[in-house]
Structure formats: structure tokens, C-alpha cells
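In case you want the letters, here they are:
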Amino acid sequence: MIKFQEVSKTFFTRAGHKQIIALKSVSFEIKPAEFVTIVGKSGAGKTTLLKLILAEERPTRGDIFFNGDNLGKIKTAKLPRIRRKIGTVFQDYKLLPLKTAYENIAYILKAVGAEESEILRNVPEVLGIVGLASRAQNFPEELSAGERQRIAIARALIHRPKVILADEPTGNLDPYCALDIIKLLLKINEIGTTVILSTHDKEIINRLGKRVLTLEQGALIRDEERGHFIL
Amino acid sequence: MLTSLKRIIYFGWKDFYSSLGLSLATCFILVIVIFLITSIFLLKGISEHLIASAREKADITIFLKEDSLEEDILKLKEELVKMPEVKEVEYVSKEQALEKFTKEHKDEPEIMRALGLFNNPFLSSLNIKAFEAAQYQAVVSFLENSSFSNLIKEVDYSQRKLLIERIFGITEMVKKAGIIISFILAVIAILVAFNTVRLAIYNSREEIKIQRLVGASNWFIRGPFIVQGAIAGFFSVVFSFFMILGIIYFLGPKISFFLSGFNLLNYFLNNLGVIILIQLATGVGIGVISSYIATRKYLDV
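Sequence order for the protein chains is A and B.
Sequence positions in the first sequence follow full-length UniProt numbering and run 1 to 231.
Sequence positions in the second sequence follow full-length UniProt numbering and run 1 to 301.
None of these hints come from the bench; they were simulated from the model.
Be aware that one or more of the hints could be misleading.
Unchecked claim - Keeping only pairs whose Cα atoms sit at most 25 Å apart, straight-line, the calculated DSS-like set for lysine-lysine is:
#1 B:Lys65 to B:Lys129
#2 A:Lys110 to B:Lys209
#3 B:Lys14 to B:Lys209
#4 B:Lys209 to A:Lys73
#5 A:Lys162 to B:Lys129
#6 B:Lys209 to A:Lys94
#7 A:Lys51 to B:Lys209
#8 A:Lys85 to A:Lys110
What the hints assert, rightly or not - Using C-beta positions, here's what the derived DEER-type ranges look like:
#9 B:Lys297 to A:Asp223: 34 to 44 Å
#10 B:Leu191 to A:Leu98: 25 to 35 Å
#11 A:Phe12 to B:Lys175: 51 to 61 Å
#12 A:Glu115 to B:Lys176: 51 to 61 Å
From the three backbone atoms N, C-alpha and C, an ideal C-beta is built for every residue, glycine too.
When you get a sec, could you build the whole thing from the sequences and use the hints?
Below is the structure:
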């Protein structure tokens with residue numbers, strides 16, 4: 001489903017004379033319905049890797065394949081089609097503050113051109129999956145941190161993506177909420193959605209016992225099927 | 001597709017309304033530009049009417065020397081009538097000229113008193129009307145080269161020609177000035193609309209980021225800002241149209257006298273289609289183009 005072949009990504013400073021190597025010759029493959037954890041220190045390249053999957057960045061060298069499409073060479077006009085297959089969850093939720101929980105989720109379906117009937121049917125369903133049907137009319141400021149993150153996951157799920165990218169989704173949560181979020185992601189994975197989770201939470205990684213890709217200074221130093229947190 | 005289009009229009013209207021102050025500033029400057037451009041169009045009609053009017057009234061008046069014999073004057077008149085360029089010739093004797101002047105100024109005692117000091121200061125004259133204004137020059141050439149030139153004291157033609165040239169010159173100058181000012185204001189309007197959209201893009205940056213990440217089409221992201229520009233343009237057109245119509249309705253009859261009877265309201269209504277088209281092209285055109293340029297520059301899609 002997702003294949004990285006000798007992918008490198010280099011950024012240049014504004015002045016243009018200094019290079020920052022974010023990823024160095026990274027190669028791996030993720031199959032459909034896998035649950036993969038990406039681990040590494042700050043600056044290891046985790047977020048860059050997720051941005052490359054989302055085609056927010058293009059690789060400097062190498063190829064990235066997503067369901068057969070080469071993300072490095074695809075035309076910009078075709079990117080929306082790729083991104084509709086991906087749901088994203090951020091550490092800071094990125095909910096729209098002036099919209100209710102319902103509206104935040106419905107907004108995604110409106111953006112991808114769904115009919116009103118589809119919105120009316122699917123949004124309550126997804127709110128039910130994340131256990132927040134009763135909070136549909138609340139604004140983000142009226143929700144707890146855990147609830148906001150669950151709304152963010154519902155928003156990522158609403159257009160039935162093939163892949164969920166979660167970039168440090170538990171970073172702002174207490175351990176109990178963090179566990180709830182991870183359980184939710186596991187539940188989503190069980191129904192067939194590929195989940196790629198970026199984290200440096202040792203407890204989560206060790207409890208999950210899922211595949212772990214370890215990054216260090218841009219290089220992929222370990223790829224273990226049932227990984228543990230080792231840094 | 002239709003659902004997405006409706007949403008784009010809805011979001012565009014929502015953005016227009018939510019930044020109403022800025023939107024109204026854009027509308028204000030667009031109204032000025034539309035007003036000026038429409039005025040230039042109306043000025044074109046006015047000047048065409050004035051020039052045609054001046055040409056219509058234009059004629060040549062030949063003032064004949066005091067000692068000219070009437071039979072010589074009538075012979076000259078016969079020769080002139082024979083010319084193919086000449087439409088009609090009117091002979092006004094000095095007695096007739098005095099009679100006409102007395103009648104016109106009978107209620108002005110100072111003028112009548114001054115007139116009494118002279119025997120008859122007026123000269124006999126021939127008023128010549130040509131079929132076309134361009135033909136007057138041929139008549140003048142004939143007069144200068146004919147055997148009757150010794151009868152002629154003065155040919156009053158150059159002043160009429162000067163009048164036509166002056167009308168033409170003034171209106172051309174006003175038109176050119178209007179075009180330059182319109183151009184400058186149009187540039188200002190584009191900049192104001194451009195910056196309004198730029199600010200709107202900045203204010204919506206979080207929404208835009210989410211739209212991009214979930215795979216919204218480029219037109220779904222860009223569309224509302226262009227709709228915003230179009231709405232500002234449209235409201236400007238509506239306001240300008242009724243403002244100009246009101247001004248013409250009330251002022252038109254009052255200035256008709258100064259425009260040689262030109263009916264500005266009729267001209268406006270007869271050219272309604274063209275005027276609306278010009279206004280829409282200006283208002284909506286500037287709004288849409290500036291928004292499009294702003295989204296291309298500041299929207300990373």
C-alpha cells in the first residue's frame with residue numbers, strides 16, 4: 001500500500017547555503033490494514049515522513065508509492081484524490097474553534113463534495129464510533145482534551161480513508177486519555193484501516209506490541225514486527 | 001458538482017459578510033471606478049450631440065460692404081445657390097438687420113439709446129448653409145477667388161469652425177483625463193480587492209490547511225475567495241447603476257438646456273444594455289480578477 005524506496009529529504013535554510021537532511025535513504029513497505037508505529041527523538045524525521053506520505057512535501061531523492069501512485073512525480077492537480085484516501089490526526093487537534101463538533105466533522109464531507117444526505121447519515125455514525133454522540137453540538141472549547149482528540153479522530157475517519165496518519169495524537173493528553181485514544185485507533189485498525197502512528201511514548205509502544213519503525217537522525221535504524229521502545 | 005458549486009457560493013457569501021467592513025471598502029472604490037467609466041460613456045454621447053448640433057447650426061455669414069449695390073448682392077446670391085455644396089442662402093438687408101436687432105432689444109433702453117446715436121450700423125449679409133460641414137471650405141474658396149470678392153467686407157466662418165474644434169477638443173481632453181483617472185482608480189480598486197482577499201486568506205488559514213489535507217479540490221479552496229470578489233463587484237454595479245440613474249433622472253432635465261436639448265435620460269435608457277455590460281465588466285471583472293490573482297499568489301494549492 002505504501003512503499004518508500006531509498007527516500008531522502010533535504011531542506012535548505014532561507015539563506016540557501018545550509019542543508020538540513022531530514023531523511024536519509026529510508027526504505028520500507030506498509031501493507032493494507034497494518035498498524036505501524038514510528039518512533040524517534042525530536043528531529044529524527046517522524047513528521048517529515050508523515051508529510052511525505054501526505055504529499056505535503058516531495059522527496060528530494062527516491063520514490064514513494066501510495067496504492068501504485070508515485071507521490072514524488074504525481075501532478076499537483078491529482079493530489080486531492082490521493083489525500084481523500086488519508087485521514088490525519090494532529091497532536092494539537094486542529095479543530096475549527098467557531099464550529100461545533102458536528103460541524104467540524106461535517107465540514108470534511110462538504111470539502112470533498114459529499115451530498116447533504118450522506119452528511120446527515122455518516123456524521124452521527126462516526127460520532128457514535130468515538131463515543132461522543134451526546135457532544136455533537138458542543139464547541140471545541142467546551143470539550144476536554146481527550147474529547148477534542150476523539151472529535152479529531154472522527155473527523156479523520158468520516159470520509160472512510162484507507163490510511164490514518166496520527167502525528168503524536170497523545171502528546172497533549174494524560175495517560176488515561178492517551179490509552180483511550182490508542183484503543184480507538186486499534187479499533188479503527190481492526191475494521192481494516194491502515195494506521196501509522198508517530199509517537200515517542202514508551203508505554204504506548206511497548207503495550208501495543210505492533211510493528212515499530214525507529215528513526216534516528218533521518219535514518220531508519222530498526223524495523224521490527226513486534227517492536228519495543230529502544231532509543 | 002452542483003452541490004460543491006452551491007457550497008462554494010455559500011462560503012464566498014459567508015466570507016463576504018463576515019468581513020463586511022473590508023468588503024464595503026472594496027465596494028466603495030469599485031463604485032467610484034464604475035461611476036467614472038459610465039460617465040465617460042455618457043460624455044461620448046453628449047459630445048456627439050453637441051458637435052452634431054454645432055455642425056447643424058453652423059453656417060457662413062458674409063458681411064457686405066456698406067456701398068454694395070443690392071443688385072450685385074443678389075447676383076452673388078444667385079451664384080452661390082448654383083453651387084452644389086450650398087443648401088440655402090438667406091439675404092438679410094441692413095434695414096432688416098436693424099429691424100431684427102431693435103425688436104430683440106426693445107426692452108433695453110441703454111442699447112436703444114446707443115443705437116440712436118448711429119444711422120444704421122448694420123451691414124447687409126448673406127447667410128449660407130451647406131449640406132455638409134466639410135463643404136464650407138469650398139464655399140469660402142469660391143468667395144475668395146470670385147469676381148464678387150470686392151463686395152465682401154468679412155466672412156464669418158472661422159469662428160464656427162473654431163467652435164466645433166473647441167467642442168471636440170474639450171470633450172476629447174475630458175475623455176482622456178477621465179480615462180487616465182479611471183485607470184488609476186481601477187488600479188487602486190484592484191489593489192484594495194487584492195488585499196481584502198489576501199486578508200481573508202490569512203484569516204482562514206486554518207480552514208484552508210484542513211481543506212488541503214483532506215483532499216478538497218483546488219477550486220473548492222480557491223472558489224469562495226473568487227466568489228467574494230464577484231459579490232463585491234456585483235453589489236458595486238447595482239449601487240452605481242441606481243445612483244447614476246437617480247442623478248440623471250433629477251439633473252438631466254436641468255442640464256438639458258446647456259447640452260443643446262440633449263436628453264440624457266433617453267440616451268441612458270436607449271443604451272441600457274451596453275451600460276450594464278460595461279458596469280458588470282468593470283465591477284465584477286475587477287473583483288474576480290483581483291481575487292484570482294490573490295489566490296494564485298497567497299493560496300498554496
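Verification of the supplied hints:
Taken as a hint, the lysine 65 of chain B and lysine 129 of chain B pair is honoured in the structure, with Cα atoms around 21 Å apart against an allowance of 25 Å. A distance of roughly 15 Å separates the Cα atoms of lysine 110 of chain A and lysine 209 of chain B; the hinted pair therefore holds under the 25 Å criterion. With a CA separation close to 18 Å, the supplied pair lysine 14 of chain B and lysine 209 of chain B stays within the 25 Å bound. With a CA separation close to 22 Å, the supplied pair lysine 209 of chain B and lysine 73 of chain A stays within the 25 Å bound.
With a C-alpha separation of about 90 Å, the suggested pairing of lysine 162 of chain A with lysine 129 of chain B is violated against the 25 Å cut-off. Between lysine 209 of chain B and lysine 94 of chain A, the direct Cα distance comes to roughly 9 Å. Compliance with the 25 Å bound is thereby established for this hinted pair. With a C-alpha separation of about 13 Å, the suggested pair lysine 51 of chain A and lysine 209 of chain B falls inside the 25 Å cut-off, and the hint holds. For the suggested pair lysine 85 of chain A and lysine 110 of chain A, the alpha carbons sit about 15 Å apart, so the restraint of at most 25 Å is met.
At roughly 43 Å, the beta carbons of lysine 297 of chain B and aspartate 223 of chain A sit within the given window of 34 to 44 Å. Under the hint 25 to 35 Å, the C-beta atoms of leucine 191 of chain B and leucine 98 of chain A, about 29 Å apart, fit the expected range. At about 54 Å, the beta-carbon gap between phenylalanine 12 of chain A and lysine 175 of chain B stays in the expected band of 51 to 61 Å. For the pair glutamate 115 of chain A and lysine 176 of chain B, the supplied restraint of 51 to 61 Å holds, since their beta-carbon distance comes to about 55 Å.
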